[in-house]
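*Asks:* Input sequences plus hints: build the corresponding full structure.
Note that the protein sequences, when read in sequence, are chains A and B.
So in my numbering, spot 193 of the first sequence is number 193, and the numbers just go up one at a time.
So in my numbering, spot 37 of the second sequence is number 37, and the numbers just go up one at a time.
If you are wondering where the hints come from, they were derived from the structure by calculation, not from laboratory data.
Treat the hints with care, since some could be wrong.
No copy is singled out in the list; a pair is fine if it fits within one copy or between any two copies.
[Unchecked claim] Computed cross-link-like contacts, PhoX-like style, restricted to lysine-lysine with a CA-CA straight-line distance of at most 25 angstroms:
no., residue 1, residue 2
1, 271, 41
2, 271, 250
3, 73, 183
4, 255, 245
5, 183, 295
6, 250, 183
7, 253, 266
Protein chains: 2
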Amino acid sequence: MIRIAVDGMGGDFAPLEIVKGAQSVARDGLASIVLVGDVEKMKPHLTDNVNLDMVHTPVCVEMHEAPSNALRKKRDSSMNRAFELHKAGEVDAVVSAGNSGAAMGFAIFTLGRIPGVDRPAIATIHPRIGDGVSILLDAGGNVDCRPAHLAQFALMGNAFAASVLGIASPRVGILSNGEEETKGNELTREAHTLIKQFGLNYLGYVEGTDMYNGRTDVVVSDGFVGNIALKISEGVADLIFAFFKEGIQKSQKAKIGYVLLKDLFKEFQKKADYSETGGAPLLGVDGVSIICHGKSNEKAIRNAILLAKKFVEKGLTKSISKTMQDHQSSRK
Amino acid sequence: MIRIAVDGMGGDFAPLEIVKGAQSVARDGLASIVLVGDVEKMKPHLTDNVNLDMVHTPVCVEMHEAPSNALRKKRDSSMNRAFELHKAGEVDAVVSAGNSGAAMGFAIFTLGRIPGVDRPAIATIHPRIGDGVSILLDAGGNVDCRPAHLAQFALMGNAFAASVLGIASPRVGILSNGEEETKGNELTREAHTLIKQFGLNYLGYVEGTDMYNGRTDVVVSDGFVGNIALKISEGVADLIFAFFKEGIQKSQKAKIGYVLLKDLFKEFQKKADYSETGGAPLLGVDGVSIICHGKSNEKAIRNAILLAKKFVEKGLTKSISKTMQDHQSSRK
Numbered sequence: 001m002i003r004i005a006v007d008g009m010g011g012d013f014a015p016l017e018i019v020k021g022a023q024s025v026a027r028d029g030l031a032s033i034v035l036v037g038d039v040e041k042m043k044p045h046l047t048d049n050v051n052l053d054m055v056h057t058p059v060c061v062e063m064h065e066a067p068s069n070a071l072r073k074k075r076d077s078s079m080n081r082a083f084e085l086h087k088a089g090e091v092d093a094v095v096s097a098g099n100s101g102a103a104m105g106f107a108i109f110t111l112g113r114i115p116g117v118d119r120p121a122i123a124t125i126h127p128r129i130g131d132g133v134s135i136l137l138d139a140g141g142n143v144d145c146r147p148a149h150l151a152q153f154a155l156m157g158n159a160f161a162a163s164v165l166g167i168a169s170p171r172v173g174i175l176s177n178g179e180e181e182t183k184g185n186e187l188t189r190e191a192h193t194l195i196k197q198f199g200l201n202y203l204g205y206v207e208g209t210d211m212y213n214g215r216t217d218v219v220v221s222d223g224f225v226g227n228i229a230l231k232i233s234e235g236v237a238d239l240i241f242a243f244f245k246e247g248i249q250k251s252q253k254a255k256i257g258y259v260l261l262k263d264l265f266k267e268f269q270k271k272a273d274y275s276e277t278g279g280a281p282l283l284g285v286d287g288v289s290i291i292c293h294g295k296s297n298e299k300a301i302r303n304a305i306l307l308a309k310k311f312v313e314k315g316l317t318k319s320i321s322k323t324m325q326d327h328q329s330s331r332k
Numbered sequence: 001m002i003r004i005a006v007d008g009m010g011g012d013f014a015p016l017e018i019v020k021g022a023q024s025v026a027r028d029g030l031a032s033i034v035l036v037g038d039v040e041k042m043k044p045h046l047t048d049n050v051n052l053d054m055v056h057t058p059v060c061v062e063m064h065e066a067p068s069n070a071l072r073k074k075r076d077s078s079m080n081r082a083f084e085l086h087k088a089g090e091v092d093a094v095v096s097a098g099n100s101g102a103a104m105g106f107a108i109f110t111l112g113r114i115p116g117v118d119r120p121a122i123a124t125i126h127p128r129i130g131d132g133v134s135i136l137l138d139a140g141g142n143v144d145c146r147p148a149h150l151a152q153f154a155l156m157g158n159a160f161a162a163s164v165l166g167i168a169s170p171r172v173g174i175l176s177n178g179e180e181e182t183k184g185n186e187l188t189r190e191a192h193t194l195i196k197q198f199g200l201n202y203l204g205y206v207e208g209t210d211m212y213n214g215r216t217d218v219v220v221s222d223g224f225v226g227n228i229a230l231k232i233s234e235g236v237a238d239l240i241f242a243f244f245k246e247g248i249q250k251s252q253k254a255k256i257g258y259v260l261l262k263d264l265f266k267e268f269q270k271k272a273d274y275s276e277t278g279g280a281p282l283l284g285v286d287g288v289s290i291i292c293h294g295k296s297n298e299k300a301i302r303n304a305i306l307l308a309k310k311f312v313e314k315g316l317t318k319s320i321s322k323t324m325q326d327h328q329s330s331r332k
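*Replies:* In structure tokens form, the structure reads like this:
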């Protein structure tokens with residue numbers, strides 16, 4: 001059975017929601033879980049130990065702690081201990097809803113990077129018009145990027161879409177302010193030149209609308225732009241739903257209309273809800289690491305663990321590793 | 001009466017929709033119009049000449065022409081002739097739905113910049129949760145910016161929100177990947193240091209969600225990020241409406257619900273529709289210049305002209321001029 005370490009102390013609702021999410025997967029026999037954290041604090045929330053072990057580590061990274069501080073002083077934290085178990089081969093993946101900067105730092109520090117990757121990147125999975133999902137990377141890990149970093153994101157995103165999403169020839173694009181080659185900024189222009197040489201199904205520059213219209217499978221950006229893209233998306237969805245909520249309260253007719261459309265509203269919210277996806281993989285580290293939203297509840301943690309399991313089964317790490325190797329040797 | 005030059009040949013639906021939009025304003029006596037373009041092509045669409053003159057200029061900037069080419073070779077185009085009329089004091093503002101890169105170039109070249117402005121910026125007006133509207137600048141004019149440019153955008157946006165939107169103390173923020181001072185990229189960090197010194201109602205870094213949640217009045221970014229922010233917004237709205245459209249077709253119950261909610265759907269689409277706003281002002285040139293969407297129809301042109309009129313009445317140019325002067329002298 002695939003074995004996954006879960007940082008029991010990470011997240012705004014830890015340890016309660018984390019323990020519950022982990023236990024639900026273990027009890028269903030979907031994975032074997034190692035809960036890492038303060039046993040005294042986690043134990044009261046556990047009902048049984050089926051497929052579930054605990055590793056006691058009282059030290060915990062705080063949610064708003066400077067990642068640099070955690071990296072220096074908290075190598076014995078529940079978060080890093082989970083990565084150490086992965087490094088030692090005792091588990092196949094790590095799930096944490098803790099301080100995401102620290103999780104990224106410890107993942108890189110403890111697991112190491114896949115050769116050929118300078119900067120591991122957070123990939124988010126999002127809905128689109130029509131079937132399937134698209135991914136965006138980097139979603140916030142690396143703010144100031146060089147062209148080579150974006151080129152590596154393209155390779156990793158391509159490997160992810162091929163191995164995990166099963167897309168034969170993923171359509172990859174750089175997020176830009178227009179499709180023409182004359183568009184883009186200094187960073188994207190140089191990255192474009194690099195990615196063109198990889199032989200991917202590369203679309204060149206794509207626009208913000210292409211993130212959601214089904215034209216792309218993988219959208220590449222630096223982490224500054226990627227984070228803004230995600231937060232803007234959230235903001236627009238909130239605006240639209242707030243508008244309908246207000247309108248519905250003003251009119252009896254609209255209120256009835258809403259009741260009839262309620263299933264659709266719910267279905268969309270489910271589609272857009274991060275807790276349905278569970279978390280975002282950190283691509284480029286030598287292992288499977290899922291970074292979850294700080295506000296993760298039981299369902300989000302359960303889904304994040306199942307996502308991690310899928311990545312292990314699909315051989316995500318090997319797939320990225322092979323891609324990076326192929327493209328390094330082709331450059332020599 | 002306020003007098004506005006309209007580029008009769010600019011836009012995907014020129015001259016028909018442009019002439020119709022201009023004429024509707026003139027006929028209602030809301031402004032006096034000077035239609036600039038090929039008289040032979042515009043005339044067939046005109047029904048009368050009330051409050052409306054024409055200036056004949058057969059040369060026309062193509063929609064997909066390289067702006068640099070237009071700037072070099074088409075100084076006698078309808079587009080630039082409109083700006084020349086403004087420069088000469090014969091009109092109070094210019095409206096063009098033509099090639100936006102060329103319109104920006106000619107506006108800067110012919111009208112000149114307000115002292116203290118290095119890079120004029122396109123400001124877009126967008127809805128938000130609750131009352132009022134927010135503005136984003138730069139929405140795509142300047143891709144690679146320096147910190148001083150972002151600082152100037154903050155001053156211009158502040159002047160715009162105060163003079164045109166009538167907000168006493170506009171809340172201004174830099175679009176970033178998080179609110180903390182440790183966030184941001186190299187560009188925003190230096191811009192942040194500059195803007196802090198201006199004495200504005202400055203929020204520091206704001207997130208993508210803050211563009212729409214009513215927390216900000218003015219959001220500042222470089223044109224690369226600004227364009228992506230707008231296109232992502234469009235993409236998310238399209239995704240949501242496509243989802244509902246598909247769902248409605250699948251269920252009779254949902255279909256009835258949609259009929260009852262139709263007014264709300266329409267109202268939102270109106271709120272988000274660029275043709276309702278009409279166009280975006282180019283802030284920082286020495287005059288009033290409205291850049292419209294290439295796909296502008298009669299309604300969009302009409303609204304753009306009325307927007308231009310409002311900017312003239314509210315003294316937008318003077319207000320920006322004064323702000324730039326105040327902050328230049330305070331820096332000396």
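*Asks:* One pair to classify: residue 250 and residue 183, alpha carbons no more than 25 angstroms apart. Within, between, both, or neither?
*Replies:* Classified as neither; 45 angstroms inside a copy, 40 angstroms across copies.
*Asks:* Are the CA atoms of residue 271 and residue 41 at most 25 angstroms apart within a copy, between copies, both, or neither?
*Replies:* neither (33 angstroms within a copy, 50 angstroms between copies)
*Asks:* With 25 angstroms as the alpha-carbon cut-off, assign the pair residue 73 and residue 183 to within, between, both or neither.
*Replies:* between (45 angstroms within a copy, 22 angstroms between copies)
*Asks:* Using 25 angstroms as the alpha carbon limit, work out where residue 183 and residue 295 are close: within a copy, between copies, both or neither.
*Replies:* Classified as between: cross-chain Cα gap 20 angstroms, same-chain 38 angstroms, threshold 25 angstroms.
*Asks:* Under a CA distance limit of 25 angstroms, which applies to residue 255 and residue 245: within one copy, between copies, both, or neither?
*Replies:* both (9 angstroms within a copy, 19 angstroms between copies)
*Asks:* Cα distance capped at 25 angstroms. Does residue 271 pair with residue 250 within a copy, between copies, both, or neither?
*Replies:* Cα proximity of residue 271 and residue 250: across copies only (17 angstroms, versus 27 angstroms in one copy).
*Asks:* At most 25 angstroms between alpha carbons: which applies to residue 253 and residue 266, within, between, both or neither?
*Replies:* Both, since 20 angstroms and 15 angstroms are each at most 25 angstroms.
Hint violations for this structure: numbers 1 and 6, all remaining hints satisfied.
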